[in-house]
Amino acid sequence: MKELSKPDQVLKKILPVQKLREDANYVLSQFALSYVFEGKQLLYHTMTRQLWELERPLEQPIAGADITQNPDLTALMEGYFLVPEGKDECAFYEGTSRMLRIFHKSKGIQGYTILPTFACNARCVYCYEEGMKQVTMTPEIVEQTVQYILQTKAEGKIEIGWFGGEPLMGESIIDRICERLQEEGVEYTSTMITNASLLTDAVADKMAGPWKIRSVQVSMDGAERDYIARKQYLRYHETYQGVMDAINRLAARNISVSIRCNVDEENLAGVPEFLSDLSKNITDKQKVHVYIAPLNAVRMGENDLALWEKAMELEEQILEAGFRSASYSGRGLKLRIHHCMADKGSVVIAPDGSLYSCEHCPKDALFGDIFHGVTDEATKESFCRADKTREKCRKCPFLPDCTSFANCPVYDTHCREKRQMQFEKSMERMLKNKKEETSAEEEQPVC
Amino acid sequence: MKLKSCFITQDIDDTQFLVPISAEAFSGIVRSNKTAAYIIELLKKETTEEEIVDALYAKYDAPKDQIAKDVHEILTTLRGINALEEA
Chain A
1 MKELSKPDQV LKKILPVQKL REDANYVLSQ FALSYVFEGK QLLYHTMTRQ LWELERPLEQ
61 PIAGADITQN PDLTALMEGY FLVPEGKDEC AFYEGTSRML RIFHKSKGIQ GYTILPTFAC
121 NARCVYCYEE GMKQVTMTPE IVEQTVQYIL QTKAEGKIEI GWFGGEPLMG ESIIDRICER
181 LQEEGVEYTS TMITNASLLT DAVADKMAGP WKIRSVQVSM DGAERDYIAR KQYLRYHETY
241 QGVMDAINRL AARNISVSIR CNVDEENLAG VPEFLSDLSK NITDKQKVHV YIAPLNAVRM
301 GENDLALWEK AMELEEQILE AGFRSASYSG RGLKLRIHHC MADKGSVVIA PDGSLYSCEH
361 CPKDALFGDI FHGVTDEATK ESFCRADKTR EKCRKCPFLP DCTSFANCPV YDTHCREKRQ
421 MQFEKSMERM LKNKKEETSA EEEQPVC
Chain B
448 MKLKSCFITQ DIDDTQFLVP ISAEAFSGIV RSNKTAAYII ELLKKETTEE EIVDALYAKY
508 DAPKDQIAKD VHEILTTLRG INALEEA
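Protein chains in written order, with this note's numbering: chain A, 1 to 447; chain B, 448 to 534.
One chain only, chain A, in its complex shape (with noise of 0.2 Å):
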């Protein structure tokens, strides 16, 4: 047996051994998935994400005499890989979730992602905030927003995530906002959503200059003539166009660009036709992913799945046009403790004034102001509680992967299955670029 990828560090050093007990049978645990690559049979584990190449498969159950006997079998229930056969397997996760978050909670707030205006230059046909009032922050809120921050903000520097409507529509805002913060001394950096349509070389500048934004994401829709009937722009002059050059005015000015495509199954056939405008417009290339993402409609329907498989085989043709692809494929063979903003304990001031926990302003995510602080702590602590994981996550394998909390208001019907899909596409790419290293290296000549 050959240990391919070690466990997460933090985890390592925290979770004890697991001991044996001799009278209990042993089976695999359900966070440990099989994989083959190349004839090989492997297990990783997505809650440690250690990585085993195994002789052969496993079979079930093991007595925990013959576990003693054999040093595979013991590495691999030491690990967790092999558990007792009932064991809640929820409850552990659960509960080293829970610690993990709460060692890292910090005093006071570390993020926050602040709304200046939920007014819009584009009418979206797909935007969950249609019939939204569009109010914009008021200077005396805006006043309010600063003074929230400094009488809330944890030690050190904060975070700050620029969002709307189009935070573009609060450019004046977002100067004032800023300019306040660096009279008070914050430490800050940045990043904003937007549909960049309004982003001219000058508000490049101030990005990178006192907004201090180190990454972008830009919204599109496909080809030209997807985007064009699906952002629906008050005013559309070339602006598909403009992106691309607002996005090469970024990469420029050293800010990292997320291009998301949200699609559907009816503009998804013009994403080759958006990749390759894309590659002949865009210039620094290393600078910018794209990802491909299923409108939440859709991964909430009952076509979810095909469209993940469609959306992950568009990944190869990301990457062949030399962006880099900021997918789902591979998290990384680090546990995420927190998987959203909200489950972090970060806060949304609206352009009212009122506070959130999640960017898409829920009425049930709402629990207080920036006047009056926090006024439902029940609502606010109910966003961060590890605990309340869904009934149909409890078994699932990809739980540790996953939102671990059940009151995210966007989900995929098929969840598991693309999970698992994810899956196999990141250990294909994993193991494929583990043995062009390893084979690169056996290349090296020896002196």
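What the hints contain is simulated information worked out from the structure, not anything from laboratory work. Glycine included, C-beta positions come from ideal geometry on N, C-alpha and C. Hints should not be assumed to be uniformly reliable.
Pairwise CB distance ranges, derived in the manner of DEER restraints [to be verified]:
| # | chain 1 | residue 1 | chain 2 | residue 2 | range |
| --- | --- | --- | --- | --- | --- |
| 1 | B | Asp501 | A | Ser215 | 55 to 61 Å |
| 2 | A | Asn25 | B | Lys491 | 31 to 37 Å |
| 3 | A | Asn303 | B | Thr524 | 36 to 42 Å |
| 4 | B | Lys491 | A | Pro139 | 48 to 54 Å |
| 5 | B | Gly475 | A | Thr152 | 24 to 30 Å |
| 6 | B | Gly475 | A | Ser276 | 49 to 55 Å |
| 7 | B | Lys491 | A | His104 | 19 to 25 Å |
| 8 | B | Asp501 | A | Tyr411 | 36 to 42 Å |
| 9 | B | Gln513 | A | Ala154 | 41 to 47 Å |
| 10 | A | Cys340 | B | Gly475 | 22 to 28 Å |
Following the hints, position chain B against chain A.
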């Protein structure tokens, strides 16, 4: 004395972990053996070193002076990470 409220315990399988809620005085996680875990449970309510020794003596079959020594050691460790509120 008792355990400070900024420390919480989390049981995972048969192991108790002691975790600070915010890393002001101590930045780490303590994994307790069975004895330490029992003591920590007792410390969730106001108690004294003597009461802890008596409780352990009633529970375990070991010489009292050995138990007293072990309790003292564990309390010293907990004091070292600023986990105890002394009356």
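Evaluated hints:
1. Take B/Asp501 and A/Ser215: their Cβ atoms lie about 59 Å apart, and the range 55 to 61 Å holds.
2. With their beta carbons about 36 Å apart, A/Asn25 and B/Lys491 fall inside the hinted range of 31 to 37 Å.
3. The hinted window of 36 to 42 Å between A/Asn303 and B/Thr524 is violated, with their beta carbons roughly 58 Å apart.
4. Checked against the hint of 48 to 54 Å, the C-beta distance between B/Lys491 and A/Pro139 comes to roughly 50 Å, which is consistent with it.
5. Between B/Gly475 and A/Thr152 the C-beta distance comes to about 26 Å, which sits within the given range of 24 to 30 Å.
6. Taking the beta carbon of each, B/Gly475 and A/Ser276 are about 53 Å apart, inside 49 to 55 Å as hinted.
7. Judged by the Cβ atoms, the range 19 to 25 Å given for B/Lys491 and A/His104 holds: they are separated by roughly 23 Å.
8. Taken as a hint, the range 36 to 42 Å is violated for the pair B/Asp501 and A/Tyr411, whose Cβ atoms sit roughly 53 Å apart.
9. In this structure the supplied range 41 to 47 Å holds for B/Gln513 paired with A/Ala154, their Cβ-Cβ distance being about 45 Å.
10. One distance hint, 22 to 28 Å for the beta-carbon pair A/Cys340 and B/Gly475, holds here, with the actual separation near 27 Å.
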